[in-house]
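Can you build the whole structure from these sequences, using the hints too?
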Amino acid sequence: MAKKSAIEKNKRRRKLVDQYADKRKALKAAAKDESLTLEERFQAQLKLAELPRNSSKTRIRNRCEVTGRPRGYYRKLKMSRVALRELGSLGLVPGMVKSSW
Numbered sequence: 001m002a003k004k005s006a007i008e009k010n011k012r013r014r015k016l017v018d019q020y021a022d023k024r025k026a027l028k029a030a031a032k033d034e035s036l037t038l039e040e041r042f043q044a045q046l047k048l049a050e051l052p053r054n055s056s057k058t059r060i061r062n063r064c065e066v067t068g069r070p071r072g073y074y075r076k077l078k079m080s081r082v083a084l085r086e087l088g089s090l091g092l093v094p095g096m097v098k099s100s101w
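With the first letter of the sequence shown counted as 1, position 18 gets the number 18 in the working numbering; the numbers rise by one all the way through.
Rather than coming from a laboratory, the hints here were simulated on the basis of the structure. Be aware that one or more of the hints could be misleading.
[What the hints assert, rightly or not] The calculated lysine-lysine pairs, modelled on BS3-like cross-linking and capped at a C-alpha distance of 25 Å, are:
no. : residue 1 : residue 2
1   : 47        : 23
2   : 28        : 57
3   : 78        : 9
4   : 57        : 25
5   : 11        : 57
6   : 15        : 25
7   : 76        : 9
8   : 78        : 11
9   : 78        : 15
10  : 23        : 11
11  : 28        : 47
12  : 47        : 25
13  : 78        : 57
14  : 47        : 57
Right, here's the structure in full:
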């Protein structure tokens, strides 16, 4: 089996997060709800643990759309600093002017 790229893994994680978001939210609320019995809260916690690990939002890593690089990520542009500099030098980023670097 071919090794999947980190970009593809991240895309699958985003899909899982969207798919399980409502279920996770309901189970977390039940686990924290003081009006429920201790056993009901514990059952909610167990059901939460049974969900896929990658359905947690914290498992998503911000990655550059161009290179897949996880570091130096600009959220607004969805790009790493390396790709931003490269594309900026070529004049491919709208509104970006190379002043000096």
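Consistency of the hints with the structure:
Only pairs whose Cα atoms come within 25 Å are accepted, and residue 47 paired with residue 23 is accepted, the gap being roughly 10 Å. Straight-line distance between C-alpha atoms of residue 28 and residue 57 comes to about 13 Å, which keeps the hinted pair within the 25 Å bound. Restraint check for residue 78 and residue 9: satisfied, since their Cα atoms lie roughly 17 Å apart, inside the 25 Å limit. A threshold of 25 Å between alpha carbons decides the hint, and for residue 57 with residue 25 the separation of about 11 Å falls inside it, so the pair holds.
With a CA separation close to 12 Å, the supplied pair residue 11 and residue 57 stays within the 25 Å bound. Our distance criterion of 25 Å between C-alpha atoms is met by residue 15 and residue 25, whose separation comes to about 16 Å. With a C-alpha separation of about 21 Å, the suggested pairing of residue 76 with residue 9 holds against the 25 Å cut-off. Between residue 78 and residue 11 the alpha-carbon distance is near 14 Å, which keeps this suggested pair within the 25 Å criterion.
Restraint check: the Cα-Cα separation between residue 78 and residue 15 comes to about 18 Å, which is no more than 25 Å; the hinted pair holds. Distance restraint check for residue 23 and residue 11: the Cα-Cα separation of roughly 20 Å lies within the 25 Å cut-off, and the hinted pair is therefore satisfied. At most 25 Å may separate the alpha-carbon atoms for a hinted pair to count; residue 28 and residue 47 meet this at roughly 10 Å. Distance hint between residue 47 and residue 25 is fulfilled; the C-alpha atoms sit about 12 Å from each other, no more than 25 Å.
Using a Cα cut-off of 25 Å, the hinted pair residue 78 and residue 57 holds, with the two alpha carbons roughly 18 Å apart. Pair hint residue 47 plus residue 57 holds up; C-alpha atoms about 17 Å apart against a cutoff of 25 Å.
Every hint, counting from the list given before, is met by this structure.
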